[in-house]
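K.L.:
All chains, full assembly: derive it from the sequences and hints.
According to the working numbering, the residues represented by the sequence shown are 1 to 109, in order.
No lab work stands behind these hints, which were simulated from the structure alone. Hints should not be assumed to be uniformly reliable.
[Stated by the list, open to error] Have a look at the derived ranges for each label pair, beta carbon to beta carbon:
1. Ala86 - Val46: 23 to 33 Å
2. Lys19 - Pro78: 20 to 30 Å
3. Asn47 - Lys19: 17 to 27 Å
4. Asn47 - Ser16: 31 to 41 Å
5. Gln36 - Thr98: 18 to 28 Å
No residue lacks a Cβ here, since even glycine has one placed at the ideal position from N, Cα and C.
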Amino acid sequence: MEQLDDPNKLLKEHISEFKTQGFTVFPKTFDETWMQRAREIFEETVNRIPYQEDTPPTNLINLIEHVPHHTLQAITVPKILDFAEAIIGPYVQLESITYRRIPSITKAE
Numbered sequence: 001m002e003q004l005d006d007p008n009k010l011l012k013e014h015i016s017e018f019k020t021q022g023f024t025v026f027p028k029t030f031d032e033t034w035m036q037r038a039r040e041i042f043e044e045t046v047n048r049i050p051y052q053e054d055t056p057p058t059n060l061i062n063l064i065e066h067v068p069h070h071t072l073q074a075i076t077v078p079k080i081l082d083f084a085e086a087i088i089g090p091y092v093q094l095e096s097i098t099y100r101r102i103p104s105i106t107k108a109e
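P.N.:
In structure tokens form, the structure reads like this:
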């Protein structure tokens, strides 16, 4: 997995953004190959886990249990781990990692 770092955005900016918006984005953290595999894993997992109603979920929880290798790659990126420790403290718990799938938007939107 190639990590494409964004050196222009500092940890303190991510923390500030998180405090004001409730989320922050780490652009260019993962390459397209890694992201494509994440999309495939999401679909595979959705198809394997029963869900209610006709609409598949947009969130998958406990992914460390379902796909540990890929999930651990995502959370052991130093800047993401540093961010988690800054928000949560030095004892980051990993058991409830959630993947959220939302539709992509175009630059025009």
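K.L.:
Work down the list of hints and note, for each, if the structure agrees.
P.N.:
Hint check results:
no. : hint                      : in the structure
1   : Ala86 - Val46: 23 to 33 Å : 32 Å, holds
2   : Lys19 - Pro78: 20 to 30 Å : 21 Å, holds
3   : Asn47 - Lys19: 17 to 27 Å : 37 Å, violated
4   : Asn47 - Ser16: 31 to 41 Å : 39 Å, holds
5   : Gln36 - Thr98: 18 to 28 Å : 20 Å, holds
The earlier numbered hint that this structure contradicts is number 3, and it is the only one.
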